[in-house]
Amino acid sequence: MKFLACASILSLGLFNFANAACAGPFAQCGGNNFEGEACCEPGYECVAFNEWYSQCQQSSSAV
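Numbering (the working numbering), first residue to last: 1 to 63.
No lab work stands behind these hints: they were computed from the structure. All C-beta atoms, glycine included, are put in the ideal place defined by N, C-alpha and C. Mixed in with the good hints, there may be bad ones.
[As the list claims (entries may be wrong)] Distance windows between CB atoms, simulated:
id: 1; residue 1: A27; residue 2: E51; range: 15 to 21 Å
id: 2; residue 1: Q57; residue 2: N32; range: 16 to 22 Å
id: 3; residue 1: E35; residue 2: Q57; range: 18 to 24 Å
id: 4; residue 1: S60; residue 2: N33; range: 14 to 20 Å
id: 5; residue 1: E35; residue 2: S60; range: 26 to 32 Å
id: 6; residue 1: N33; residue 2: S61; range: 28 to 34 Å
Produce the entire structure from the sequences given, and follow the hints as far as they go.
Following this line, the structure appears as structure tokens:
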């Protein structure tokens with residue numbers, strides 16, 4: 001039982017760490033030569049404006 005509790009706590013910590021690596025609201029998330037984070041925080045999606053710039057915008061499903 002202790003193992004299960006520890007595993008649950010560790011997995012929650014790793015999930016939060018993974019989300020922290022994603023771009024925040026309205027941050028750049030893609031485009032040619034872009035080397036930053038290619039994912040967006042929950043509730044946002046990466047929207048391409050042109051071949052050089054993509055930005056985290058609020059998801060249409062989140063509205």
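task: Provide an ascending list of the numbers of those earlier hints which the structure does not satisfy.
output: 4
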